[in-house]
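**Student:** Sequence:
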Amino acid sequence: KHLEIKDKRAASKLQAMETELADEEAEMEEEVKKDLQQKQEALLRALDSDRFAVPSNVGDGDVKISESGVVSLPRDLEAAAARDEAAKERKDKAKKEKEKKKKRKSSGGSEANTPSKKKTPKKSKK
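Residue numbers (full-length UniProt numbering): 1 to 126.
Fair warning: there could be bad hints in the mix.
No more than 30 Å apart at the CA atoms, straight line, and that leaves these computed lysine-lysine pairs for DSS-like [to be verified]:
(1) Lys100 <-> Lys88
(2) Lys102 <-> Lys91
(3) Lys101 <-> Lys88
(4) Lys91 <-> Lys103
(5) Lys105 <-> Lys95
(6) Lys93 <-> Lys103
(7) Lys88 <-> Lys102
(8) Lys88 <-> Lys105
(9) Lys91 <-> Lys101
(10) Lys88 <-> Lys98
(11) Lys103 <-> Lys122
(12) Lys103 <-> Lys88
(13) Lys105 <-> Lys91
(14) Lys88 <-> Lys39
Because the hints were derived from the structure by calculation, they are not lab data.
Being a predicted model, the structure only gives us computed values, none of them experimental.
Construct the entire structure; sequences and hints are all you get.
**Tutor:** Here is the structure:
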């Protein structure tokens, strides 16, 4: 009878652990599904925004939308996008250089860039 009681307790503990494990597994599966869905949605948004991004130097007259909803852009769209990107990079680089120069001036100007003079120790007379 004593063994039977222990077995019942062990069986109920085992059952509880199994259900807890199954619940955790289901929760994890749900989290993975949600995460995957969010990533898919983000990817689709990114693709959509890239697909219809028009460089700033392309005029309204260059973009044509057919009756079926197909958006057609000029053939040199990639070149225009590349020019926009290059211009942005040049602007950013110039801005960084300006900030570097400002920092140098605020930290003492040209004096900050000159090496300090080393003092030679004087020989003591005995």
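**Student:** Now look at each hint and say whether the structure bears it out.
**Tutor:** Hints, verified against the model:
no., hint, verdict
1, Lys100 <-> Lys88, "holds (19 Å)"
2, Lys102 <-> Lys91, "holds (17 Å)"
3, Lys101 <-> Lys88, "holds (20 Å)"
4, Lys91 <-> Lys103, "holds (19 Å)"
5, Lys105 <-> Lys95, "holds (16 Å)"
6, Lys93 <-> Lys103, "holds (15 Å)"
7, Lys88 <-> Lys102, "holds (21 Å)"
8, Lys88 <-> Lys105, "holds (26 Å)"
9, Lys91 <-> Lys101, "holds (15 Å)"
10, Lys88 <-> Lys98, "holds (15 Å)"
11, Lys103 <-> Lys122, "violated (37 Å)"
12, Lys103 <-> Lys88, "holds (23 Å)"
13, Lys105 <-> Lys91, "holds (21 Å)"
14, Lys88 <-> Lys39, "holds (28 Å)"
The structure fails to meet hint 11 from the earlier list, while all remaining hints are met.
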